[in-house]
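*Asks:* Quick note, the sequences are listed as chains A and B, same order. For the first sequence, the positions run 1 to 169 when the working numbering is used. For the second sequence, the positions run 1 to 155 when the working numbering is used.
Read the hints as simulated data drawn from the structure, not as lab findings.
Label-pair ranges, simulated between beta-carbon atoms: (1) B:ILE36 - A:LEU27: 27 to 37 Å; (2) A:PRO29 - B:VAL23: 27 to 37 Å; (3) A:LEU125 - B:MET73: 18 to 28 Å; (4) B:MET73 - A:LYS101: 46 to 56 Å; (5) B:VAL87 - A:ARG7: 49 to 59 Å; (6) B:ASN69 - A:LEU68: 20 to 30 Å; (7) B:LEU18 - A:ILE55: 14 to 24 Å; (8) A:LEU149 - B:HIS114: 21 to 31 Å; (9) B:ASP109 - A:LEU153: 37 to 47 Å.
Simulated pairs of lysine to aspartate or glutamate, EDC-like, Cα-Cα distance not exceeding 16 Å: (10) B:LYS101 - B:ASP79; (11) A:LYS6 - A:GLU168; (12) B:LYS101 - B:ASP77; (13) B:LYS125 - B:ASP79; (14) A:LYS103 - B:ASP12; (15) A:LYS101 - B:ASP12; (16) B:LYS119 - B:ASP109; (17) B:LYS125 - B:ASP102; (18) A:LYS129 - B:GLU72.
No residue lacks a Cβ here, since even glycine has one placed at the ideal position from N, Cα and C.
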Amino acid sequence: MQSRTKRLAILAVFAALALGIYGLESLIPNPFPIPGIKLGLANIVTLVVLKRFGIREAALVLTVRILLSSLLFGNGVTLLYSAAGGLLCLAIEFAINSFLKGKALFVTAVFGALFHNAGQLIVALFLTKVINVMVYAPYLGISAILTGLFTGLCAYYTLKLLPRIIRED
Amino acid sequence: MSTVTKKKSNTDPSTQKLIKRRVFILALIIDIIAIICIACIFIIRPVLSRSKQKSLSENSTRYAVIYQNGREMMRIDLDNARDNSFVIAGNKGASNTITIKDHDIFFSDASCPHKLCVKQGSASKSPVPVICLPNKLMIIVENSAEGGEYDAIAY
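Generate the whole structure from the sequences, applying the supplied hints.
*Replies:* Written out as structure tokens, the structure is:
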């Protein structure tokens, strides 16, 4: 019973952390004239929770983060973009992570970032109903690979440096 | 690095080998995606841009077509348009200011924080449509003869 309470508290802290990182990241101006390019730092939290706890907990933290972030910083449209990107990202990260048995986290992160951008592009395609948004696909692909490597390494070192109270049940 | 090798030595060598092979395969997939993306950026885009410049210079009448929610809402004859600017309000309080200047059209302001549509610059110089995602707006500069080309795709 105690460990369940502790787990809930830790997950809540992770959700708050993800929300904070997401908010901070949205303050960084995008230097490229292409919508959708960003570091995806909030994905670090998703990866850490996925590896430390599991798919269900990661989905929970992600859902809370997406709902709250669109409530605080965005609107219905951003909710759609975030949800499509985030859930697709989590699904592929879970698949790749179990395929690699938890090793080589940066590969998982790159695939997550790729599918995140793919999901957002698909939503953009549905919302604008214009095939031309696909022009952004190669740029988003390149940026996803680079930012995915970065967030993967961040998540790897975060997992190593987690305090013992979080690492243990 | 030492902690990594220590952790890996806990699993037996056959699974280690299997995981290594899987990492290799996935890394290969990532590389292929990267190469395709770079090829698209450096080969396909210049070709598109050149063909657009050519088709625009052949025909003297250029039209700026403004799409909202994927539907054509305005068609402006750029060669005869006078310099002005106007605001298009749209989805959930988002609004964009579109400016026509020297027979060119661009987003000059936006209500969103990032203002990516403003950064994309002139619609007639850009090889791709200038797009504002929050307001679902798009400006395409095309020939009158080309009119309706995008409708076929959009619907």
